[in-house]
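Protein chains: 2
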Amino acid sequence: MVEKGLLIVLSGPSGVGKGTVRKEIFSQKNTSFEYSISMTTRSPRAGEVDGVDYFFKSREEFEALIEQGKLLEYAEFVGNYYGTPVDYVRETTLKGKDVFLEIEVEGAKQVREKFPDGLFIFLSPPSLSELKNRIVTRGTESEEIINNRMNVAREEIEMMHLYDYVVENDTVENACEKIKAIIVAEHCRRERVEPKYKKMLEVN
Amino acid sequence: MVEKGLLIVLSGPSGVGKGTVRKEIFSQKNTSFEYSISMTTRSPRAGEVDGVDYFFKSREEFEALIEQGKLLEYAEFVGNYYGTPVDYVRETTLKGKDVFLEIEVEGAKQVREKFPDGLFIFLSPPSLSELKNRIVTRGTESEEIINNRMNVAREEIEMMHLYDYVVENDTVENACEKIKAIIVAEHCRRERVEPKYKKMLEVN
Numbered sequence: 001m002v003e004k005g006l007l008i009v010l011s012g013p014s015g016v017g018k019g020t021v022r023k024e025i026f027s028q029k030n031t032s033f034e035y036s037i038s039m040t041t042r043s044p045r046a047g048e049v050d051g052v053d054y055f056f057k058s059r060e061e062f063e064a065l066i067e068q069g070k071l072l073e074y075a076e077f078v079g080n081y082y083g084t085p086v087d088y089v090r091e092t093t094l095k096g097k098d099v100f101l102e103i104e105v106e107g108a109k110q111v112r113e114k115f116p117d118g119l120f121i122f123l124s125p126p127s128l129s130e131l132k133n134r135i136v137t138r139g140t141e142s143e144e145i146i147n148n149r150m151n152v153a154r155e156e157i158e159m160m161h162l163y164d165y166v167v168e169n170d171t172v173e174n175a176c177e178k179i180k181a182i183i184v185a186e187h188c189r190r191e192r193v194e195p196k197y198k199k200m201l202e203v204n
Numbered sequence: 001m002v003e004k005g006l007l008i009v010l011s012g013p014s015g016v017g018k019g020t021v022r023k024e025i026f027s028q029k030n031t032s033f034e035y036s037i038s039m040t041t042r043s044p045r046a047g048e049v050d051g052v053d054y055f056f057k058s059r060e061e062f063e064a065l066i067e068q069g070k071l072l073e074y075a076e077f078v079g080n081y082y083g084t085p086v087d088y089v090r091e092t093t094l095k096g097k098d099v100f101l102e103i104e105v106e107g108a109k110q111v112r113e114k115f116p117d118g119l120f121i122f123l124s125p126p127s128l129s130e131l132k133n134r135i136v137t138r139g140t141e142s143e144e145i146i147n148n149r150m151n152v153a154r155e156e157i158e159m160m161h162l163y164d165y166v167v168e169n170d171t172v173e174n175a176c177e178k179i180k181a182i183i184v185a186e187h188c189r190r191e192r193v194e195p196k197y198k199k200m201l202e203v204n
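Chains as they are written, first to last, in the numbering used here: chain A, 1 to 204; chain B, 1 to 204.
Treat the hints as calculated values from the structure; they're not laboratory data.
A few of these clues could be false.
No copy labels: a pair is met if it fits in one copy or bridges any two.
As the list claims (entries may be wrong) - Result set (DSS-like, lysine-lysine): computed pairs, CA atoms no more than 27 Å apart in a straight line:
| hint | residue 1 | residue 2 |
| --- | --- | --- |
| 1 | 196 | 109 |
| 2 | 180 | 29 |
| 3 | 180 | 23 |
| 4 | 180 | 97 |
| 5 | 70 | 180 |
| 6 | 70 | 29 |
| 7 | 180 | 4 |
| 8 | 57 | 180 |
| 9 | 70 | 4 |
| 10 | 4 | 109 |
| 11 | 114 | 95 |
| 12 | 196 | 180 |
| 13 | 29 | 114 |
The following block holds chain A by itself, in its conformation from the complex (with noise of 0.2 Å):
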């Protein structure tokens, strides 16, 4: 019997920083997990590949893959969905892999009620003003928009009772840090390995 994998997503407002915290992890050599690239119909901002940081599809694809029942989680955001293809989560874990989604926090919520079990991590700015300044510097939004996204965030920090932990981005680093000592840590759950020593007692 294999052991199933985990289901690992990261969450937390737009502009946290969460597309830079996940590809740091995956940028690094000892990562023992599976990136689930997510669907959106958003455009490509400079710099990003289809296939590698989004899969990029038109609107009408994406309302039809919503009818068919092939994504795990959809979410409208700033008008473009996001969503995650439902059949590559299912076999990766029970190949006893796991898998790590980053995604929006409407599309978090989905997933908790889907998959319970799942290791929820919120991804939350060091402050409400850091968020702003991190929102401004980018610099490709208008005011209105800035102050629309951070009404959402802190709607979406009220929702951080849903997640099982909280990571402060303060730093790239540490927040990477953190994120792999949760999954290291959540694999040594009694829960998850009582089984196995019972199985143990039961040979010797």
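Got chain A sorted already, so can you dock chain B onto it with the hints?
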């Protein structure tokens, strides 16, 4: 308000290597927690130092401390008392520092009853036969004592359900890494950090 420190309890069967793992953890520079030295009535082994490895006490002294309620936990094990002075643990966690205990399983059971919020880590042998090898290799015990210890170990592994985490002591390095990861992860648990974020939302 200072956030209360964690009470971290490392335990596991006799001979599994709790002391070696604990020493390795505390020999590393980046430990942020305090080690609570146990008290015992057993004789020091070669190289063990009073006040470093244990506080070595006579049976009479130990029993007097039990009567005065000065022990968080104590147990009689293979004819000797082992115990944890309570004042140090209480004062250190109230100051916001984590305290690390390395104790026998009977003692861990008592601590769990008194500090249910503690972080309980069970150090387990890779297999029972491996446990036996280690006790034989130590080479100082009769066959009768070894067999008794094996029976005790079976019982102790069955006590695993009282723990939050199980760490296999396959190598000292792996076990230390996992224990440190568990402590990092535990500090990120949502129940522990949520109040801080709720406060941040009020202020902004």
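Here is what the structure says about each hint:
no., hint, in the structure
1, 196 <-> 109, "between (31 Å within a copy, 22 Å between copies)"
2, 180 <-> 29, "both (12 Å within a copy, 20 Å between copies)"
3, 180 <-> 23, "both (13 Å within a copy, 24 Å between copies)"
4, 180 <-> 97, "both (15 Å within a copy, 23 Å between copies)"
5, 70 <-> 180, "neither (29 Å within a copy, 39 Å between copies)"
6, 70 <-> 29, "neither (31 Å within a copy, 49 Å between copies)"
7, 180 <-> 4, "both (19 Å within a copy, 24 Å between copies)"
8, 57 <-> 180, "neither (31 Å within a copy, 42 Å between copies)"
9, 70 <-> 4, "within (21 Å within a copy, 46 Å between copies)"
10, 4 <-> 109, "within (22 Å within a copy, 30 Å between copies)"
11, 114 <-> 95, "within (19 Å within a copy, 41 Å between copies)"
12, 196 <-> 180, "both (23 Å within a copy, 23 Å between copies)"
13, 29 <-> 114, "neither (31 Å within a copy, 42 Å between copies)"
Consistency with the previously given hints fails for numbers 5, 6, 8 and 13, ordered from lowest to highest.
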